[in-house]
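J.: Sequence:
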Amino acid sequence: MATSAPGYRDAPAPRPRRRRTQLRPVATRQTALAAGGFVWLGLVALLLFNLALPKGGTRIQGFPITWGYVVIAAVTVFAAIGTLRRRDISLPPIIQSCCLMMPLAIFTYYKAQQFGLPSSGWLQYAVLFGFFPIAILVFMAPHLEQLQARHIAGLLRICIRFAVAWGLFNFLLFLAIGQVIEIPYVTVNGAEVISVLKKNNMRGSVMKLVSSFNNGNIFGVCMVMLMPLYFHIEKRKGWLAAFVIALLCTLSRTTWFAMTGAFILMVISGQIRVNRMSVWVSLGAAICVFLAILPMLGWTSANLIDDRLGGRLDYLKKLEVTFLGQDSITIPEIVYFGLLQSYGLIGLVIALAALSYGAIYGLAHWGGLSQMRRSAVLGVMTYLFACTMDGAFVFPPVFPLFLFVNALIYRRGYRVAQRLVPAAVKPRRPRRHSYGLDAQTLAASTP
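Take 13 as the starting number for the sequence shown in the working numbering and just add one per residue.
Note that these hints are calculated values from the structure, not bench results.
No experiment lies behind these values; they were computed from the predicted model shown.
Heads up, some of the hints might be wrong.
Unchecked claim - Keeping only pairs whose Cα atoms sit at most 20 Å apart, straight-line, the calculated EDC-like set for lysine to aspartate or glutamate is: (1) 211 / 345; (2) 211 / 194; (3) 210 / 345; (4) 210 / 194; (5) 330 / 345.
Stated by the list, open to error - Computed Cβ-Cβ distance ranges for the label pairs, DEER-style: (6) 102 / 198: 31 to 37 Å; (7) 189 / 250: 46 to 52 Å; (8) 71 / 125: 25 to 31 Å; (9) 100 / 135: 15 to 21 Å.
Just so you know, even glycine gets a beta-carbon here, dropped at the ideal spot from N, CA and C.
All chains should be built: construct the whole structure from the sequences, respecting the hints.
T.: Quick look at the structure:
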């Protein structure tokens, strides 16, 4: 048997080579501020003034201005600068905002110029369909990937808890003394103090639970839209019970039916398991609270279903179906009716595609979504169901929150941006020659 140079085997193991290193990102458990920086501060401001305190603000030349909308405008400037510098932008939110919602904003401006509409009759709709989708879905949504899911969930949990607690406190306070607490420029618009009782919030001698939203229907619509998300991120059963009780105390049939729809969606998706005793105990407690509320309102079971839809049936009697809509723009409680009346059949089709695009995208990619993104899909579907009765579409902060929930659907995960540490690289396998010896062995055996 032939041998190689003295002291060497035919095919010895290669001589250890110096191991190279490369830098790889390592996620460490950091505080939200340390991990997210200015992105985290921006999200805090957005949710604080659009979810916890959405009605704080003032009036400028007769127009109500909320701090939440001011914050959206300010954050958009900085978010746009950061987004334009990124190369990994997700395409679906751009499609939803630019290709589906922007045409409605352009159509709104066209009708305003064509029929000479005053600014009060079209400007808010141009902002809803034009500015907000671009600001939230295109410029802000990509930055959510710079925050960990637990940090987003924690902030959402705190804001929803505050809204629920503040609402229940004032609801019980009104039952006790007939008054509620309003903090000008914080929980209520500075120019609308002592106006909560004048906003269709009374049901007999009982006031709806309005929280810091100052309207029971608006609070209920926003909370049922966030209900699947809250049931995912909230781990304390006491707060979940308080959340459900708060929705019942809105005394809003729209909220009650939308909450039922959200519950059914969560059961179908597997987020809530009906084989757990805690689910049935909670459902039984909710039914007991519901039955206790009805006598306070002087209602019977016949009042639960109003054949006139609370007066909304009058809108349907005035419906005129055209291709481009009427010469005015008005979206009342029944959102789909308003879209058909204002934008016609063509506008309604575009609007339905724009509003449901996020849910359709989520359902198409359901298997690859995290539980938070799946909950966001259910939240969008719940709001689309609520729009058949009272979507509160034009009232702050409903539509910005709807777009925020859509943005969570498009959030692909946490884009790691922490410190870099050395990581070992495996040595490359040496080349083998036809005669069975590698180059290193030949070099070592050569005198």
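J.: Against which earlier hints does the structure fall short, listed by number upward?
T.: Violated hints (numbers, rising): 7 and 9; every other hint is consistent with the structure.
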